[in-house]
Amino acid sequence: MSGTRKIPERLDKVLAQVKNLVQVISHRTGEWQLDLEAGALPPVAAHLAESLGGNLAALFPEPGQHLHAVLPAVEEKAYLHLRGRLAPGTRDLPALDRHFPAAARYRRILEARHGLAPVGPSVSRLEGSGVFQFPLGPVRGDYNEAAGIVIDTVGEHILRLTPTLGYKHRGLEDRAAGLTPKAALLLAERAAGTQSVAHALAYCQALERLAGVTVPPRAAVLRVVLAEMERLYGHLLDISLMVGAAGHTVGAAQLDQLKELFLRLNLSHFGHRYLFGTLVPGGVRTDLPREAAASLRTAVTRQGAEWRRLFTMVLGTPGIIDRWETTGIVDYTDAWDLAAVGPVGRASGVDRDVRRDHPYAAYGEFVPAVPHFRDGDALARFRVRAAEIDASLALVGEALARLPQGPARADVPAVWPAGEALGWSEAPQGETLHWVRVGEEGKIAAYRIRSASFANWDLFGPAAADGNILTDFPLIDTSFNLCCADCDR
Amino acid sequence: MFYDWVFKGLRKGVVSTAYPYNEQELPNYRGLPAVGPGSCPDGCRECEQACLPGAVQVRDATPVIDTALCLFCGECQSVCPRGRITLTNAFETAITSRQTTAAKVVPRDGRLFAKSLYIRHVDAACCGACLRETASLNNPFYDVSRLGIFFTASPRHADVLLVTGPVSWGMRDPLREAYEAMPGPKFVVAAGACAAGGGPFGQPATVGGVDVVMPVDVYIPGCPPHPLALIDGLRLLGGRARKEV
Amino acid sequence: MTMEQELFALACLLGLAGFITGLWPGRVERAAYVPAALASLALGWGAGRVLYAGGTEQLVNVPWLPVASFHLALDSLSAFFLLAAAPVFLAAAVYALSKEERRSPASLFNVFLLSVAGVLAAANLLVLMLFWELMTVLSYLLVNTRHDRPGVSQAGLVMLVMSQLGSAMMLVAFFLLYAFGGSFDFVTLHVAAAHMPPAVRDLVFLLALAGFGVKAGMVPFQVWLPLAHPVAPANISALLSGVLINLGFYGVVRVVLGIMGGGPSWWGLLVIGLGTCSAIFGMLYAVIDEDLKRVLAFSSIENMGLILLGLGLSMVFAAHGLPAFAALALLVACYHALNHATYKGLLFLGAGAVDRATGEHRLDALGGLLKRMPATGFLFLLGALSISAVPPTNGFVTEWLLFQTALQSFRLPGLVGIKIFVALAAAVLALTAGLAVTCFVRAFGVAFLGLPRTAAARRAAEAPRPVLAAMGILAFLSLGLGLAATAVIPLVDRVDRLLYGVSVLNQVVPPVWSRPGDFATLISLGGGLLSFPRVANSWVIQPADGFSSMSTVYIAVFVALLLLVPLGLTRLKRSARGRTPNVPGKVWDGGRPEFLPNWQYTAVAYSNPIRMLFGRFYRPYGELEPKEGRPSVLVYRSGVASVLEDYLYRPLTTATRRLAENIAVLQSGSVNLYLGYIFAVLVVLLVASHYFA
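Here the protein sequences line up with chains D, C and S, keeping their order. When we follow the numbering used here, the leftmost residue of the first sequence carries the number 1, and every step to the right adds one. When we follow the numbering used here, the leftmost residue of the second sequence carries the number 490, and every step to the right adds one. When we follow the numbering used here, the leftmost residue of the third sequence carries the number 735, and every step to the right adds one.
No incorrect hints appear here.
Just some of the chain S residues that point at chain C, by a computed CB distance under 10 angstroms:
| no. | residue |
| --- | --- |
| 1 | 1319 |
| 2 | 1320 |
| 3 | 1321 |
| 4 | 1322 |
| 5 | 1323 |
| 6 | 1324 |
| 7 | 1325 |
| 8 | 1326 |
| 9 | 1327 |
When the alpha-carbon atoms are kept at most 20 angstroms apart in a straight line, the in silico EDC-like pairs for lysine to aspartate or glutamate are as follows:
| no. | chain 1 | residue 1 | chain 2 | residue 2 |
| --- | --- | --- | --- | --- |
| 10 | D | 443 | C | 535 |
| 11 | C | 675 | C | 662 |
| 12 | D | 443 | D | 62 |
| 13 | S | 1361 | D | 127 |
| 14 | D | 182 | C | 537 |
| 15 | C | 501 | C | 632 |
| 16 | S | 1105 | S | 1328 |
| 17 | C | 675 | D | 142 |
| 18 | S | 1320 | C | 669 |
| 19 | D | 443 | C | 564 |
| 20 | D | 182 | C | 535 |
| 21 | S | 1320 | C | 662 |
| 22 | D | 13 | D | 76 |
| 23 | D | 182 | C | 564 |
| 24 | D | 443 | C | 537 |
| 25 | C | 497 | C | 632 |
| 26 | C | 501 | D | 306 |
| 27 | D | 13 | D | 50 |
| 28 | D | 182 | D | 441 |
| 29 | D | 13 | D | 35 |
| 30 | C | 497 | D | 306 |
| 31 | D | 443 | D | 174 |
Derived Cβ-Cβ restraints for the label pairs, each shown as a range:
| no. | chain 1 | residue 1 | chain 2 | residue 2 | range |
| --- | --- | --- | --- | --- | --- |
| 32 | D | 407 | C | 643 | 50 to 56 angstroms |
| 33 | C | 567 | D | 402 | 29 to 35 angstroms |
| 34 | C | 643 | S | 1351 | 34 to 40 angstroms |
| 35 | C | 643 | D | 405 | 53 to 59 angstroms |
| 36 | C | 634 | D | 405 | 46 to 52 angstroms |
| 37 | D | 417 | C | 538 | 19 to 25 angstroms |
| 38 | S | 762 | C | 645 | 56 to 62 angstroms |
| 39 | C | 634 | S | 1300 | 26 to 32 angstroms |
| 40 | S | 1105 | C | 546 | 53 to 59 angstroms |
Think of the hints as simulated: they come from the structure by calculation, not from any bench. Glycine residues also receive a C-beta, built at the ideal position from the N, C-alpha and C atoms.
Could you build the full structure based on these sequences and the hints that come with them?
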């Protein structure tokens, strides 16, 4: 479905140089869709990335039909969605590895997806006297997600760390095919339970943009409130785990208590601790009455004050800070090349935040303060998350204070129109992209998710191997706190 | 700074709940669906078609709900033309058999673990919510160590295998290995709708619920089950009645 | 002829027979070890009789050279060390009876045995020197058995060069003694040495310590030990560590205590210092080495350090007028030398068995051997327990006594400086003891436990019977020396009686059974238990009255009870409850399908924390590099610095080479110049003889 929007000047100039390769240009708010032959995809994508200063955000195939690549155009606050048409019957996909180091991980997953068993990257052998491998199998220590991690070590020093994902593949994307958009929402929410709102938001926004549905203002603000409540408990969870990994169980318990209070706020005001079932395409499922909004605001303020007290205490505990300093450093070049997102990227200097760069819901009005640092160590990741908690507290208070009147959801068509669209949101872990294609009968034809953790997993190995010892591993692990569920889907 | 932490804890005091030794209510919780009196319209299968995991089936003009599969999403409640299905606040959802939901049979040797129960949690392919609720059991509010329930990283020390998430093909063998590594007597608890019955994922993309791979002693439905519901399920294993000490 | 002379003669005949038999090729050669074994038995028996009698047994005394006769005699000191050497020779000979490709030549072995006996039986310095040189050359030849393998010839050469260095220093010392004492004979020199000028005495002490110290593996002369041990055949390594280094110690004791009768306090302090350095140096390198035999070699350096520490304490106590404690310290040192010979021999034979079965002695290539070679593993374990000083083994007895003796330094009058020095030495001793346990847990664990890391380790099979028999002999002795310690101490005490004229038997093994009234406290602590069989004064060992006490027999009984009682109870309970079958389970590895051998800790990894902790000493380095020719493979190169080689030997050899290059200009090849040299030297000599005549 083409739009009639005028192409921004800079983008126009850049596209002019590849006009012979790009065929059809269509537009939706925040997304420019370019169709081209799959073979032309690598050079066009490289040219666009270079000219607009972005990096590959997502890459997913529809086997036998298209190869999709997504690049951000930050100045224009838009995504460029390149849709490469594959020759019918071909199984080969054009390689973007040469221009985008981040493309290698997509290729690996694609190659592994024929079977359903987990496959690690083909790893070069590590020789040397005394070097052995320390496996952290899929079944890891207390409440850790299932991922295979192999550490090449010579006793204390981590020489190399290789994660193997794929153990948790549930076939979510394939299961969604053939379902109504409303039913598939239940799957989208459960891509990752602790980022349910972010995934549901991205999914709903993709559907809304596909059908041209405008979300009413009240719903948009409520969506901001929901997303920030999720960010609050998510970051508190991460920080609590980080403090626990540094051995400070008292601090971890205090932060855990605070997180539990936020989960209880979610339950009492929105009906579910993890905010499942709060979003629907078109708006939010149930409205928030005025008294509830007021009580939520008071509670958040009070707990925000408690958070600030804990934050000061943690900063003043050298036993914790010493362990985070210079641990698990991700340097800026690696972060940029591998397209790091979220707090991990921002702690290494990659200043990207979807809420600010590609505003959705009511973020155009409530612009969040986005912190970033350059150190790239665990301490920087803590600082980023702490600053984001402060920003979220402010945002929630502001949003609840200025909640506009009106309906909490818009009307949506009974049968969803056919088409495809991108949806995005900033999860606590970072930039999340969903792509949906609805078929002729109004059912989902194809569905792809590119979660934030997917982008960051490749940084985990280099961060851990950089002169760290085995006892630093839990610190690095918790400072990344990568989710395996939405990587394996 | 050391004193700060000490005094903070002391000032906060004890925040642990006394559950299961007292009654608890969760007023806003979307809990067990209840089927009200009346009858369904002829040939109406709205609830059955609306249910993604297939938990609701209409038999003899009455919806029958397999609580193990139920996601507590409320779709059936919103589509029922006669409003027969309502989601209550009941969170004590633990059952020991999917066939006869009323049965709450204490497993054999259960009394051995009345005072001390060691749990090995395995994440089959959980989305993360059930896992976090399980982890919440150790926070100061729920604090299961006061009940003698502990988490261990080694299956050799464990009495209970607590599984969250549907069993993916990749995790089928590791899950089996974890079970084999546990010395008897041992129990299996499937926590959450996905573990209990496969959830909305089902076959062939996943193997299914945990009971496809190994016998399950306690199912704790929910998506995710509230930590109190988890405690309710675990106390079933030890054969503890609510008011016992 | 007395019984001892007969035994000695028999041993010589057997040795000769063995030498001749050993010259035949084929299976006859292997049989030549039988006379060697019998000869060592004869020597051991004879030495035991002499030691028990307590006097000096004259063996041979025939005129030979104008300056010295060919005089062989065994006094308590010689007899003790001969008795310590005999079992190791016996075991080495029995070991060699097994079928093996490159075994040490039996003929040389027999003569080597005789040469060692000659060194110990020598009654004057020239005979000692003669047999010493013979022994050195033979040991070089025996070490060099597998000279076709890389690195063996170099190792042998280093050993030979260091031995010659030591011999040179010994020779100077001996000639000094002759010049100022008028004779080479021990007894005569002992009387004359008391009147020698102090400067000469000091010089002789230093030269003898250094000269014999080379053979003993004392720092800084120990470089040959870790080179020679891994390349020699296993039974020769056992002899190197079990006998040869003890001979070095014997030499020091003979000259310093036997001839010179001890000296001022600084002699003892120097020996303590060198002993402590050897101990810590040896152990620090033992705990990180990757080769099983080299680990044992460094451990020998450590143990020799402990023995020298005992000797040094003895000299310090004697210099400050505490003869009883001097005797105690010497007793500990000699007893430790005996013990070390047994368990180090055992460990080397075990390492040899492993080498035969797998072809490897790198620790990281082994693994899982206990399941494949259970008897070897068990015996090796006994050796490892002994050397780690785990009660109630013999290693524990002497290590404990050594600590207790060091603690007696509080009895030294005045002189805070000396007490602090000795206390520091005791602290370093404690550190080495801890590192020793780590070292052997690592060596045993990586080699024998777990899964085999290479195909070579998977192929291992149990060692043949002669090997097991040889190890068994030493293991039995080792245990016996531990349990029957109170029966061994009277024998070692004979050495004290000879050298200090004092018997410490009743001090170290209190006669609780015969005089219970005097030891009421000890009895109340349980020291009077088990008063049978009455082989000695009692079962209790103590450094001095009222200080501390210990009994290996009681420990052994207690440990046995501690093991057997619960075992018995569980067996009863199990039969009552009905047997549940034991099911072998898989190793838990996080749910992976199979536990791979390369997931086990390697020897290098196990000691990595120690490498990090003592980083200033080791200066470790480690880097990941792409492999040459195959850049997709990464290689981790790591290692440690070799302190003495980098800071002492390399500068010395470089300087020597440079000096030699500079002097080499003299060797120009011109005949005229050489004639000129001869003329110049002639002129100088004529002038000198005019002036000094």
